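J.: Residue numbers (my numbering), protein chains in the order written: chain A, 1 to 391; chain B, 1 to 391.
Simulated from the structure, these hints should not be mistaken for laboratory data.
Computed from a prediction, not measured in an experiment: that's the story for all the values here.
Don't take each hint at face value.
[As the list claims (entries may be wrong)] Below, simulated SDA-like cross-link-like pairs (lysine to any residue); rule was C-alpha separation at most 20 angstroms, straight line: (1) Lys48(A) to Ile50(B); (2) Lys185(A) to Met1(B); (3) Lys45(A) to Lys160(B); (4) Lys160(B) to Asn4(A); (5) Lys45(B) to Gln64(A); (6) Lys193(B) to Tyr3(A); (7) Lys48(B) to Glu52(A); (8) Lys45(A) to Gln64(B); (9) Lys192(B) to Phe5(A); (10) Lys48(B) to Thr44(A); (11) Lys48(A) to Glu49(B); (12) Lys45(A) to Glu61(B); (13) Lys48(B) to Ala46(A); (14) Lys193(B) to Met1(A); (15) Lys193(A) to Tyr3(B).
[Said to hold, decoys possible] Only part of the chain A face toward chain B is listed, based on derived beta-carbon distances under 7 angstroms: (16) Tyr3; (17) Val9; (18) Ile261.
Ideal Cβ placement from N, Cα and C applies to all residues, glycine included.
Number of protein chains: 2
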Amino acid sequence: MNYNFADRVGTLQPSVIREILKFSSVPGMISFAAGNPAPEAFPTKAIKEITERIMSERPIEALQYSVTEGYVPLKEAIRARYGELFGENDQIIITTGAQQVMELTTKSLCNEGDTIICEAPTFIGSLNAFRSFNTHLVGVPMENDGMELNALEQALKDNKNTKFIYCIPNYQNPSGIVTSLEKRKAIYELAKKYGVMILEDNPYGETRFAGDAIPTIKSMDTDGIVAYAGTFSKVISPGLRVGYAIAPAPLISKMTVCKQISDVHTAIFSQLIVHEFMTKYDYDAHLAGLGEIYRKKSDLMTGLLDLELAPRVAYNRPSGGLFIWCTLPDQIDMLDFAKKAVERKVAVVPGNAFLVDESQPCSSIRLNYSTPTDEQIEKGMKILGELLSEY
Amino acid sequence: MNYNFADRVGTLQPSVIREILKFSSVPGMISFAAGNPAPEAFPTKAIKEITERIMSERPIEALQYSVTEGYVPLKEAIRARYGELFGENDQIIITTGAQQVMELTTKSLCNEGDTIICEAPTFIGSLNAFRSFNTHLVGVPMENDGMELNALEQALKDNKNTKFIYCIPNYQNPSGIVTSLEKRKAIYELAKKYGVMILEDNPYGETRFAGDAIPTIKSMDTDGIVAYAGTFSKVISPGLRVGYAIAPAPLISKMTVCKQISDVHTAIFSQLIVHEFMTKYDYDAHLAGLGEIYRKKSDLMTGLLDLELAPRVAYNRPSGGLFIWCTLPDQIDMLDFAKKAVERKVAVVPGNAFLVDESQPCSSIRLNYSTPTDEQIEKGMKILGELLSEY
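Kindly generate the complete structure, drawing on both the sequences and the hints.
T.: Written as structure tokens, this is what we have:
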């Protein structure tokens, strides 16, 4: 049979990162390409206690159907901890990871051809979610403190059918950039001025290990124009698939209908686990320990970057998140470098994978320090240094 | 702000059943409206053992990111048990419940305006998934042994843009009808003749407690035209949200890309639990026990139907599944009956909720026997009998 697929998926490809990750299973491959939390950062002891308690005390609740909106006590725990994210008319929905927030927001808001303005570069999973609804994507270049504001305003002027601006203000994936308070305010004002929404994605906010926390855009939202995506994937466990959206009630209502026909509800056992961890354990102490793990791993990788690759390779020292964005000197062909690195058994992600148009020039690669062991970081960075010296 | 939603969700409403289920929390309400498995059918002891073992032996595997396609040993266990479902070029993907199969299949195959042919009545969650992609739905009336074949062929002739025929051949929701072997073959031949696919949904196949098993349409598929939706929701636990699709490799490939941008992967802890239960416990003995529970509950409800409501109310005795489809006498206004039942604290689902066009006339209601207790079934059926006698 000749399968005729829908136009929306005709050109949609599996993410480049996933293709690269296939190399990770090659024996001896050192992967700086993933975005997995460090295994030692998981609160396994606590989750073991929690699952035993749930299966002893309320197994039916963990196994029966639940409501699409999410487990009520978990929603309440999130509201109690992150009260500043809730505007007067905001509601919350629990999602199957933050990825689902991208899909539900786009499905609820965008007709085919509608514009979404994105940071350039940005998270490939979100780009592909947007693409899968045949939306029109416009990238706005990133500066060291966030989107270039003139380019953002121009994009808003040029695309009257813009539905929302997508941004990751904290420790952006892949650039690691933190959007300044000033720019967060400016982005909010521009969205308001042009009558579009903002989709603020904050998976890494609580991985902060240096610098001060900057208020989220959602916390400034007095006009009901910001949808916020949160997740426990980077701070508790990604395998449980628990995220959430906080947004104006009419949008949450549409997202709920869309979620109902997508997966009915998020695994309730997972939701119970996250709820117990949030409310019966010292969440702040856990986050502090997690920050310490990532600070050490980041220090190890940046120290080796300084030793082996800088100053020819430029990068920003991370203060949170899982990634370092490294820019190669102009005369080096980035894709050639990434290809040769894989041949020497070090996987990195070519930066163009994070662009709206992957064929645009890009001289950066993304390195991850949360997944590899310290030994792998040491060995892998040495290999990258040797490779650089050959150019 | 004036929120402008996408056309596809503009008219999409929460399911009527969910609205009715809100009454279930009213104190004293007896709900025959849900579709939850009986709590006593859950293998809670086994799952308690399994979760303890997983969290002792391999907690990182249960908590870390996993692959979009699904946990490989679970896919292998499904292939080992249900080998007849796999054609030469078929693949499998693990999904977040069978509901996600409906969404991924539609997203992969259907442009806006494409036709999907459905049984009438059929499962409301699937109808809404199809609607959410702005597809054109055509209902084919059900007879006691499955779809009316002339109407099906006429629908195929009239709608050249048909992408697939959606059917639930075993213990259909809501009608309880089992499609005969003869009709399964005929539906397959018609799909082949008109060059369309079949989406075969089989959530209830293993809840059989009477009669012989009839081969699935998928098991006859030598042409690679059937996508099959399976799930563990009705036989192990719906709260874990583990289902699967078996379909030709090109379709599974597109569904995988769509799933990656929807929820990345299905909760891996849930997948590990289902895998251990399938491979380390006596699955057939579990299913036999489950069938016994449902046979008893079905017998209780049909006995009371005979006593209180038949022959004015017509129904078919179930041989599996969770539902009884009851047709009221012509002179009774079905919606009025359902409304009065709720006022007397018995919730039933008005049958028109399961039609492509809910405004079409319908004199049936759906009763569920798996969720209420025996006492609730006795009390609720008596109330319905009293209500009927007042007409």
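J.: A separate judgement is required for each hint: does it hold in the structure or not?
T.: Now for the hints, and whether the structure bears them out:
| no. | hint | in the structure |
| --- | --- | --- |
| 1 | Lys48(A) to Ile50(B) | holds, 12 angstroms |
| 2 | Lys185(A) to Met1(B) | holds, 18 angstroms |
| 3 | Lys45(A) to Lys160(B) | violated, 58 angstroms |
| 4 | Lys160(B) to Asn4(A) | holds, 13 angstroms |
| 5 | Lys45(B) to Gln64(A) | holds, 15 angstroms |
| 6 | Lys193(B) to Tyr3(A) | holds, 15 angstroms |
| 7 | Lys48(B) to Glu52(A) | holds, 7 angstroms |
| 8 | Lys45(A) to Gln64(B) | holds, 15 angstroms |
| 9 | Lys192(B) to Phe5(A) | holds, 17 angstroms |
| 10 | Lys48(B) to Thr44(A) | holds, 17 angstroms |
| 11 | Lys48(A) to Glu49(B) | holds, 12 angstroms |
| 12 | Lys45(A) to Glu61(B) | holds, 14 angstroms |
| 13 | Lys48(B) to Ala46(A) | holds, 16 angstroms |
| 14 | Lys193(B) to Met1(A) | holds, 12 angstroms |
| 15 | Lys193(A) to Tyr3(B) | holds, 15 angstroms |
| 16 | Tyr3 | holds, 5 angstroms |
| 17 | Val9 | holds, 5 angstroms |
| 18 | Ile261 | holds, 4 angstroms |
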